[in-house]
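*Asks:* As a plain string of letters, each chain reads:
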Amino acid sequence: MKTDQISNAIQLDSSGRLIHLLGLEGLSKKHLTNILDVADSLIDSNGKLKKSKVLDNMSIANLFFEPSTRTRNTFEIAAKRTSANVINVDLKNSATKKNESIIDTMRTLEAMQIDMFVIRHKQNGLPHMVAESIGNVSILNAGDGINAHPTQALLDMLSIRQHKKDFKKLSVAIVGDIVHSRVAHSDIQALKTLGTTDIRLIAPPPLQYDAEKCVAINCYDDIEKGIEDCDVVMILRLQKERMLEAEIPNEQEYFDRYGLSTGRLALAKPDAIVMHPGPINRGVEIESSVADGPNSIILKQVTNGIAVRMAVMEILARKD
Amino acid sequence: MKTDQISNAIQLDSSGRLIHLLGLEGLSKKHLTNILDVADSLIDSNGKLKKSKVLDNMSIANLFFEPSTRTRNTFEIAAKRTSANVINVDLKNSATKKNESIIDTMRTLEAMQIDMFVIRHKQNGLPHMVAESIGNVSILNAGDGINAHPTQALLDMLSIRQHKKDFKKLSVAIVGDIVHSRVAHSDIQALKTLGTTDIRLIAPPPLQYDAEKCVAINCYDDIEKGIEDCDVVMILRLQKERMLEAEIPNEQEYFDRYGLSTGRLALAKPDAIVMHPGPINRGVEIESSVADGPNSIILKQVTNGIAVRMAVMEILARKD
Amino acid sequence: MKTDQISNAIQLDSSGRLIHLLGLEGLSKKHLTNILDVADSLIDSNGKLKKSKVLDNMSIANLFFEPSTRTRNTFEIAAKRTSANVINVDLKNSATKKNESIIDTMRTLEAMQIDMFVIRHKQNGLPHMVAESIGNVSILNAGDGINAHPTQALLDMLSIRQHKKDFKKLSVAIVGDIVHSRVAHSDIQALKTLGTTDIRLIAPPPLQYDAEKCVAINCYDDIEKGIEDCDVVMILRLQKERMLEAEIPNEQEYFDRYGLSTGRLALAKPDAIVMHPGPINRGVEIESSVADGPNSIILKQVTNGIAVRMAVMEILARKD
Chain A
26 MKTDQISNAI QLDSSGRLIH LLGLEGLSKK HLTNILDVAD SLIDSNGKLK KSKVLDNMSI
86 ANLFFEPSTR TRNTFEIAAK RTSANVINVD LKNSATKKNE SIIDTMRTLE AMQIDMFVIR
146 HKQNGLPHMV AESIGNVSIL NAGDGINAHP TQALLDMLSI RQHKKDFKKL SVAIVGDIVH
206 SRVAHSDIQA LKTLGTTDIR LIAPPPLQYD AEKCVAINCY DDIEKGIEDC DVVMILRLQK
266 ERMLEAEIPN EQEYFDRYGL STGRLALAKP DAIVMHPGPI NRGVEIESSV ADGPNSIILK
326 QVTNGIAVRM AVMEILARKD
Chain B
26 MKTDQISNAI QLDSSGRLIH LLGLEGLSKK HLTNILDVAD SLIDSNGKLK KSKVLDNMSI
86 ANLFFEPSTR TRNTFEIAAK RTSANVINVD LKNSATKKNE SIIDTMRTLE AMQIDMFVIR
146 HKQNGLPHMV AESIGNVSIL NAGDGINAHP TQALLDMLSI RQHKKDFKKL SVAIVGDIVH
206 SRVAHSDIQA LKTLGTTDIR LIAPPPLQYD AEKCVAINCY DDIEKGIEDC DVVMILRLQK
266 ERMLEAEIPN EQEYFDRYGL STGRLALAKP DAIVMHPGPI NRGVEIESSV ADGPNSIILK
326 QVTNGIAVRM AVMEILARKD
Chain C
26 MKTDQISNAI QLDSSGRLIH LLGLEGLSKK HLTNILDVAD SLIDSNGKLK KSKVLDNMSI
86 ANLFFEPSTR TRNTFEIAAK RTSANVINVD LKNSATKKNE SIIDTMRTLE AMQIDMFVIR
146 HKQNGLPHMV AESIGNVSIL NAGDGINAHP TQALLDMLSI RQHKKDFKKL SVAIVGDIVH
206 SRVAHSDIQA LKTLGTTDIR LIAPPPLQYD AEKCVAINCY DDIEKGIEDC DVVMILRLQK
266 ERMLEAEIPN EQEYFDRYGL STGRLALAKP DAIVMHPGPI NRGVEIESSV ADGPNSIILK
326 QVTNGIAVRM AVMEILARKD
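Residue numbers (the working numbering), protein chains in the order written: chain A, 26 to 345; chain B, 26 to 345; chain C, 26 to 345.
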């Protein structure tokens, strides 16, 4: 499915309450702020994550059709911190091999009375299709194709809000493979909803949005122009196969043209924060001195990722 | 081991209490009814599974020598709903590779003070051999070769009992690969123990019981004769390799000859229930309109599968 | 790294309290005795392991870079018995594949606020390097290269202490591939710290310590001389590839020359105990009649392995 054909309407019930988290289009500033507030409340004054009993009677299934140990772990840790039971469904050996359709698998898991599915799939809109097909399970999109990765965007917003006061006054640069990035897509949506108007997308032309989309947003090929006076620099993870698509023959050349070095970071505001969804490719999209430097909040993002996922689970669990 | 050489005697202690669940031969109607009653008590009036603390201090190991995500998940979910600790032992990398015999592995897990083993193995009677070799662990047979699959039969009986009053008055048809099916074997045993006399087995001749066994039970080649006026139609899952054995060249031909279509279901009683252990092959052994139709209780079987496994775990845990 | 260059200094804080368990060099008799005492207190008078709530709010990650289902299971079971959350990180699909360095992976898991890492790695000193690189996580070495396997040695000491009164008066023989064995290394260290002076190492010459090391310890090629009048015989597990290195063409020849048979065991003291870290190769390093005989405490070692790991986790958790 093309990403602009995917509707998130089903994620709100008739009173506008969140019953699935499929994507950020269609969520109001109030929805986002509520999730961030709950997430903040799960972190104590020393930065330690709390443990709650909110999902004590609930079961959550991790359904990762694309392998991603890291993201799966964050959902598993978040679920266990809310005291939920967690089932990691091994989809390599599962019935989908035996010709059972994905929907039959989902209906079967629903009949096992799992309360929430965390779904990652390479197909755009797959979590939406599941949400439409089953009735009693909350769906949490953990990344679908190039469409959306809403919890990543929410943890990014939480991390920005902890360091910067007003989303409306921010200049935010996003650097990397914009066009294929579900993270960029969800981050742009979240920033718009929260009021940020100066969003700058920096990418090699083959990895940049098309001219039509770039009318409404600031597109750059030159990273040094793009990050000038920015408050926030969000670096995307580079997939090797994308370098070739962008006619960049090797990692050094990518770093030379688009990598975030100390020198380039000096063009942003002195208190600019540097973000990355991880895992980082040191020396490719970011210099180690920047990744480990005082402006980097990369590891704080990881902690916030647990808090945001706990918050979303708790909010979804409250529906009844 | 041949299935008729396997004894379940060890599953009862000297007072007749259940200490393992290896198979249904040797269990009385009282044993089965007790398990079904406990299972029913674990489902509330809205059909929701309860959560118990009965196994709060116990550990259960899932030992699946045959891969089966689905059945393993049901045991894991059931165990967690009783508050037990669950260990999924990865037998691919385990010591059985290193020449340690299976019994040594089992004794080692026993020494780790695991309280229950859930075992699936392609060898007939393997769970029985384990039960004989170790002293302090309850064995739960999750399917051994073509011998038995007792929890599947128990969930089937629970599903039937929820819809039909008296097992004695029922006509039950089982359709598919009878001779290789541990599910069929255990279902037939359970039905007999509960008093059903009209059991009809429908299969292509190469997948049917031999003439000797068919003396005591009703064997059919023709599905339309077999399901006439039935109260219950149990469809078995078709394994592709069995089609060839039955000289059926493709799925369409199997469906034409043995598949449960709306037309054929009309030959059974109007309130007949349709069952399948899942995952279903739509358009092969069952038509989608039947699988999803009003007579189907396939998804209810899944829910009952959790309740029955919780019930068996609780009953086994009470031995002391 | 060479094993004699590895320092465990970081495992104690400035007051001498244990904050990591990396190896046994540098730990006092008091440290070891404390761990054994806590472990003993976790076993009731019937030999049953207790369940504690000590780590109720903690999360433990199993990070096994070398596959070992058995040891991983013992840590998982131990952690769950202390009521901790356990995450088994699948390192096959993890970010280490994506060029993220191990340290970045560890820092990320630290940022997820995991409290303890259980690490097994083929590289000597890897757990030490991790302990030096991260600040807020306790590291538990589950085996690094040929360097150390401290929890195995501790469970061995607990098993000896349950059967023999005074470590100072014991004669202990260790048989097998001494030079490549992290188990032997840690056992020797533990025995020395606890006061045992008569330690005898029995190995084929290519698998024996070098002459320099054998000055301070008793090295034997001949098992019959080595185990004479011993109180304890510890058999190591034989790796097939080591037989060739020792110019032993097959398992029978290894057994003939170094295997523990009933006859050879008769050379030790009548109440000698026989130990093995498991899984055993029956008929290679040990005869079945010995492994299953009255002197064997092999399965008791397994139970003690859970108790010792629970004890270490509880002691590490108390740091603050």
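Treat each hint with caution, since some may be false.
Pairwise CB distance ranges (calculated) [claimed, not checked]:
{"id": "1", "chain 1": "A", "residue 1": "N71", "chain 2": "C", "residue 2": "S40", "range": "53 to 61 Å"}
{"id": "2", "chain 1": "C", "residue 1": "A291", "chain 2": "B", "residue 2": "S40", "range": "37 to 45 Å"}
{"id": "3", "chain 1": "A", "residue 1": "P92", "chain 2": "B", "residue 2": "S126", "range": "29 to 37 Å"}
{"id": "4", "chain 1": "B", "residue 1": "N59", "chain 2": "A", "residue 2": "P92", "range": "55 to 63 Å"}
{"id": "5", "chain 1": "B", "residue 1": "S126", "chain 2": "C", "residue 2": "E278", "range": "17 to 25 Å"}
Pairs of lysine-lysine, DSBU-like flavour, derived with a Cα cap of 35 Å [stated by the list, open to error]:
{"id": "6", "chain 1": "A", "residue 1": "K78", "chain 2": "B", "residue 2": "K75"}
{"id": "7", "chain 1": "B", "residue 1": "K265", "chain 2": "A", "residue 2": "K147"}
{"id": "8", "chain 1": "B", "residue 1": "K265", "chain 2": "B", "residue 2": "K78"}
{"id": "9", "chain 1": "A", "residue 1": "K238", "chain 2": "A", "residue 2": "K105"}
{"id": "10", "chain 1": "B", "residue 1": "K73", "chain 2": "C", "residue 2": "K265"}
Just so you know, the hints here were simulated from the structure itself, not pulled from any lab data.
Ideal Cβ positions, reconstructed from N, Cα and C, are used throughout, including at glycine.
*Asks:* Work down the list of hints and note, for each, if the structure agrees.
*Replies:* We went through each hint and held it up to the structure:
Distance hint check: the CB atoms of N71 (chain A) and S40 (chain C) are about 22 Å apart, inconsistent with the given range 53 to 61 Å. Taking the beta carbon of each, A291 (chain C) and S40 (chain B) are about 44 Å apart, inside 37 to 45 Å as hinted. Look at P92 (chain A) against S126 (chain B): about 33 Å separates their beta carbons, and that is inside 29 to 37 Å. Separation of N59 (chain B) from P92 (chain A) is about 44 Å and departs from the stated range, judged on CB atoms against 55 to 63 Å.
Between S126 (chain B) and E278 (chain C) the Cβ separation comes to about 22 Å, which falls inside the hinted range of 17 to 25 Å. Distance restraint check for K78 (chain A) and K75 (chain B): the Cα-Cα separation of roughly 17 Å lies within the 35 Å cut-off, and the hinted pair is therefore satisfied. Taking the CA atoms of K265 (chain B) and K147 (chain A), the gap is about 28 Å. The hint holds against a cut of 35 Å. Distance restraint check for K265 (chain B) and K78 (chain B): the Cα-Cα separation of roughly 42 Å exceeds the 35 Å cut-off, and the hinted pair is therefore not satisfied.
Annotation: proposed proximity of K238 (chain A) to K105 (chain A) is violated, straight-line Cα distance about 41 Å (limit 35 Å). With a C-alpha separation of about 54 Å, the suggested pair K73 (chain B) and K265 (chain C) falls outside the 35 Å cut-off, and the hint is violated.
When held up to the earlier numbered hints, the structure conflicts with 1, 4, 8, 9 and 10 and fits the remainder.
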